[in-house]
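Q: My request is simple: use the sequences and hints to build the entire structure.
Protein chains: 2
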Amino acid sequence: MNNNKNGLLFVISGPSGAGKGTVVNELLKTEELELSISATTRKPRPEDRDGINYFFMDEEKFKGMIENDQFFEYAMFGGNYYGTPKQYVLDRLSEGKDVILEIEVQGALQVKSAVPEAVLIFVMPQTLTELGSRLKGRATESAEQIEKRMERAAEEVEYISAYDYIVINDKVDDTVEKLKAIISSERAKAINNRNIIKKFKGEI
Amino acid sequence: MNNNKNGLLFVISGPSGAGKGTVVNELLKTEELELSISATTRKPRPEDRDGINYFFMDEEKFKGMIENDQFFEYAMFGGNYYGTPKQYVLDRLSEGKDVILEIEVQGALQVKSAVPEAVLIFVMPQTLTELGSRLKGRATESAEQIEKRMERAAEEVEYISAYDYIVINDKVDDTVEKLKAIISSERAKAINNRNIIKKFKGEI
Numbered sequence: 000m001n002n003n004k005n006g007l008l009f010v011i012s013g014p015s016g017a018g019k020g021t022v023v024n025e026l027l028k029t030e031e032l033e034l035s036i037s038a039t040t041r042k043p044r045p046e047d048r049d050g051i052n053y054f055f056m057d058e059e060k061f062k063g064m065i066e067n068d069q070f071f072e073y074a075m076f077g078g079n080y081y082g083t084p085k086q087y088v089l090d091r092l093s094e095g096k097d098v099i100l101e102i103e104v105q106g107a108l109q110v111k112s113a114v115p116e117a118v119l120i121f122v123m124p125q126t127l128t129e130l131g132s133r134l135k136g137r138a139t140e141s142a143e144q145i146e147k148r149m150e151r152a153a154e155e156v157e158y159i160s161a162y163d164y165i166v167i168n169d170k171v172d173d174t175v176e177k178l179k180a181i182i183s184s185e186r187a188k189a190i191n192n193r194n195i196i197k198k199f200k201g202e203i
Numbered sequence: 000m001n002n003n004k005n006g007l008l009f010v011i012s013g014p015s016g017a018g019k020g021t022v023v024n025e026l027l028k029t030e031e032l033e034l035s036i037s038a039t040t041r042k043p044r045p046e047d048r049d050g051i052n053y054f055f056m057d058e059e060k061f062k063g064m065i066e067n068d069q070f071f072e073y074a075m076f077g078g079n080y081y082g083t084p085k086q087y088v089l090d091r092l093s094e095g096k097d098v099i100l101e102i103e104v105q106g107a108l109q110v111k112s113a114v115p116e117a118v119l120i121f122v123m124p125q126t127l128t129e130l131g132s133r134l135k136g137r138a139t140e141s142a143e144q145i146e147k148r149m150e151r152a153a154e155e156v157e158y159i160s161a162y163d164y165i166v167i168n169d170k171v172d173d174t175v176e177k178l179k180a181i182i183s184s185e186r187a188k189a190i191n192n193r194n195i196i197k198k199f200k201g202e203i
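In order, the protein sequences belong to chains A and B. Here the first sequence stands for residues 0 to 203, where the numbers follow numbering that gives the first Met the number 0. Here the second sequence stands for residues 0 to 203, where the numbers follow numbering that gives the first Met the number 0.
It is worth saying that the hints were derived from the structure and are not from the lab. Treat each hint with caution, since some may be false.
Any copy, or any two copies together, can satisfy a pair, since identical chains are not distinguished.
[Stated by the list, open to error] With a straight-line Cα cutoff of 27 Å, these simulated DSSO-like cross-link-like pairs (lysine-lysine) come out:
{"id": "1", "residue 1": "LYS60", "residue 2": "LYS42"}
{"id": "2", "residue 1": "LYS28", "residue 2": "LYS170"}
{"id": "3", "residue 1": "LYS4", "residue 2": "LYS170"}
{"id": "4", "residue 1": "LYS111", "residue 2": "LYS188"}
Note that this is a predicted model, so its numbers are computed, not measured.
A: Right, here's the structure in full:
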């Protein structure tokens, strides 16, 4: 399907707790997609395989990659660096393979600025849509707590505007179906089928 | 899903013989879509119901609608006028209903110029993609016949560039699934879910 053209990059993102990981694992079972692989400085566990679960590297190499702008984004958790290497994703795309990347919200926007044709999908929990009215409706939280939650919701909303698709993750199965629909329709976009048009024009 | 916003307009088009009618009928069985209704000056048959199969009208009324630019497109076949009235479609859209419209290629472009947010889907037969190489590969047609076919293919290609999606109609079931995917993903587009964003912003 993707002969003679770049693959598509699907970026699954959204607030933590939205069930993104589950949904991506389900997609990988049936869809022809390459999963982006993260780099980390944490020590490999016995079951880890380098280049499959993670790219394992020492801190010196990781910092060198930061300096050379080789990550879409990176962060430190528990004393270890984690990052999303650009080259692995870009290589798969140039091979014509479609890639899926699960990443937190700010990282997704950095991917978009590096790969403008990336398809950004915001997976949000059902509860988030109702957050505002629910918070106001119940009296269990202080005005200050509500204010903080609303501020965070306001941040999320600004991010949503930069996304291509919004999927409410109510039931996992429904969400997976919606994501499959997005993948299928992106593949059917005329702009992603210029090879068909080119083929015609080349022959005429 | 479409509360407080306009419906989506899906325009199914492509060369005749691509199986558009079959595919649209299948879609209507399961999808929440309103089918656009054509107007005609032909006499109703016993089984016809006005406002269901067609809007039946006399030639004077039809010509009046032409003069008042009330058709997306119209044509005459077998001594009768046929046309696609704009108002019926626009009314359904403003009610928040998604509408599907099956129309020939030039008509689709006229719809797009009247409703720029219309989603244009080019359904093409598998044979068309191979038309060029097949024509050249076989020796049964004269150079002049091949030239004519290629000219027509060239016209089709120019139209394809204006479309949002290209679907190769190989098997009807697969095509219906692809169209459902397009409908589902268009409904999930962030631009078509501004109400979710607005709702948030209104509450904050």
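Q: Next step is simple, just say for each hint if it's right about the structure.
A: Here is how each hint holds up against the structure:
1. Within a single copy, LYS60 and LYS42 get their C-alpha atoms as close as 14 Å, which meets the 27 Å cut-off; across copies the closest is 80 Å, which misses it.
2. In this assembly of identical chains, LYS28 and LYS170 lie within 27 Å of each other by CA distance both inside one copy and across copies; the values are 18 Å within and 24 Å between.
3. For the homomeric pair LYS4 and LYS170, the shortest alpha-carbon distance between copies (24 Å) is at most 27 Å, but the shortest distance inside one copy (34 Å) is not.
4. Within a single copy, LYS111 and LYS188 get their C-alpha atoms as close as 19 Å, and across copies as close as 16 Å, so both meet the 27 Å cut-off.
Hint compliance for this structure: every hint is met.
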